[in-house]
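Q: Sequence:
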Amino acid sequence: MKCLLVLCLAVAFAMANQPIKQSWTVVHQGCQANPKTFVEEEVFEKLRKGEKVNLPNNFADHAFCMLKDMDLQEPNGNINTQTLKKAVQESVQDQAKINQITSECSANDQTPQKTALTLFKCLGKYHIDIGQF
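The numbering used here puts the first residue of the sequence shown at 10, with every later residue one more than the last.
Misleading hints may appear alongside valid ones.
Only pairs whose alpha carbons sit at most 30 Å apart, straight line, appear in this in silico BS3-like list of lysine-lysine [unchecked claim]: (1) K45 x K130; (2) K95 x K123; (3) K45 x K106.
Distance windows between CB atoms, simulated [stated by the list, open to error]: (4) K106 x P44: 35 to 45 Å; (5) D103 x E50: 28 to 38 Å; (6) K134 x T34: 20 to 30 Å; (7) N108 x E60: 25 to 35 Å; (8) Q141 x D118: 15 to 25 Å; (9) P44 x N108: 36 to 46 Å; (10) Q102 x P44: 19 to 29 Å; (11) H136 x E54: 14 to 24 Å; (12) E51 x S112: 29 to 39 Å; (13) D103 x N63: 36 to 46 Å.
Think of the hints as simulated: they come from the structure by calculation, not from any bench. By construction, the Cβ of each residue, glycine as well, lies at the ideal position given by its N, Cα and C atoms.
Based on the sequences and whatever the hints tell you, model everything.
A: Given below as structure tokens:
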């Protein structure tokens, strides 16, 4: 049991010190492993290519799973502005633009899932790459 705790802490520490987008694959695999948040890979491929796609009913659950596990959203659904700012800084160098994007993308919506979709849309608008591109 102690070994598992040490391993979990080591993984969390390693993920905390790496660029946000480097955690994408590991987090995506974790969300895909849960039947509630699993989405066919074909959906993501079409989104990456900019093709029209019908999103499954659980897509927002997957989005929330991703952003929560990347620490961009709190478990209650609120945006983690410190992590968001770090993510923006990885794509943008101008401090005024970083602050503006962070402020605009920090809006919480009615539910954690809607907030996740809104955040993904905002990040896409400014071409902030957290691994989704």
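Q: Look at each hint and say if it fits the structure.
A: Tested hints:
As the CA atoms of K45 and K130 are separated by approximately 22 Å, the hinted pair is consistent with the 30 Å bound. In summary, the hint linking K95 to K123 is supported, as the alpha carbons are separated by about 22 Å, within the 30 Å threshold. Pair hint K45 plus K106 does not hold up; C-alpha atoms about 36 Å apart against a cutoff of 30 Å. Our hint of 35 to 45 Å for K106 and P44 holds, since their Cβ atoms are close to 40 Å apart.
Taking the beta carbon of each, D103 and E50 are about 35 Å apart, inside 28 to 38 Å as hinted. With their beta carbons about 24 Å apart, K134 and T34 fall inside the hinted range of 20 to 30 Å. A hinted range of 25 to 35 Å for the beta carbons of N108 and E60 is consistent with their spacing of about 34 Å. One distance hint, 15 to 25 Å for the beta-carbon pair Q141 and D118, holds here, with the actual separation near 18 Å.
The hinted range of 36 to 46 Å is satisfied by P44 and N108, whose Cβ atoms lie roughly 40 Å apart. In this structure, Q102 and P44 break the distance hint of 19 to 29 Å, their C-beta atoms being roughly 41 Å apart. Here the CB-CB span from H136 to E54 is close to 19 Å, well matched to the stated 14 to 24 Å. Between E51 and S112, the C-beta spacing of about 35 Å keeps the proposed range 29 to 39 Å intact.
For D103 and N63, the hinted distance range of 36 to 46 Å is satisfied, since their beta carbons lie about 37 Å from each other.
Of the hints listed earlier, those the structure fails to meet are numbers 3, 10, in rising order.
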